[in-house]
Amino acid sequence: MNSRVLLGAACLTFASCALKHPPFGADIMPESARAQIPGHWAGPHRSGAVVPNWILTFHDPELTALVADAVERNPDLKAAAARVEASRAAVRIAASSLYPRIAMKGLGERQGQ
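Numbered by our numbering, the letters in the sequence shown go through residues 1 to 113 in order.
It should be emphasised that the hints constitute simulated quantities derived from the structure, not laboratory data.
Since the model is a prediction, treat every value here as computed from it, not as a measurement.
Virtual Cβ for every residue (Gly too), placed ideally from N, Cα, C.
Worth double-checking, as some hints may not be accurate.
As the list claims (entries may be wrong) - Simulated DEER-style distance windows between Cβ atoms:
#1 48 to 97: 45 to 55 Å
#2 33 to 57: 22 to 32 Å
#3 47 to 75: 40 to 50 Å
#4 9 to 80: 43 to 53 Å
#5 82 to 48: 41 to 51 Å
#6 104 to 63: 57 to 67 Å
#7 54 to 82: 51 to 61 Å
#8 82 to 2: 34 to 44 Å
#9 9 to 89: 27 to 37 Å
#10 70 to 49: 20 to 30 Å
#11 88 to 112: 49 to 59 Å
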């Protein structure tokens, strides 16, 4: 009797949980992200790498100092750089199994009578 009541309570508990599908695609984007951007706002896309020290192109020493200070004192950037280095090391370790291995063993034996 007691186990039937417990089983019935468990069934009611699990049946009362409604499973919803998680939001997907446009459902999770805010309205501002769905806005259409006018075509005349677009600029030409330039391919290629970002120029090192691109901040210097503004010719503003105060801006350059602020950016340098922000980069130097930002622990998130340092942590991100450390994670990138750790990921590179992990890739090298994982890729090392793809290369051939060379192993040598030296065995000696002595027999005496």
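Hint-by-hint comparison with the structure:
1. 48 to 97: 45 to 55 Å: Taking Cβ atoms as reference, residue 48 and residue 97 lie about 35 Å apart, which means the hint is violated.
2. 33 to 57: 22 to 32 Å: Because 30 Å falls inside the window, the suggested range holds.
3. 47 to 75: 40 to 50 Å: 33 Å, violated
4. 9 to 80: 43 to 53 Å: Holds, at about 49 Å.
5. 82 to 48: 41 to 51 Å: 28 Å, violated
6. 104 to 63: 57 to 67 Å: 59 Å, holds
7. 54 to 82: 51 to 61 Å: 24 Å, violated
8. 82 to 2: 34 to 44 Å: 57 Å, violated
9. 9 to 89: 27 to 37 Å: 53 Å, violated
10. 70 to 49: 20 to 30 Å: The hinted range 20 to 30 Å holds for residue 70 and residue 49, with Cβ atoms some 22 Å apart.
11. 88 to 112: 49 to 59 Å: 54 Å, holds
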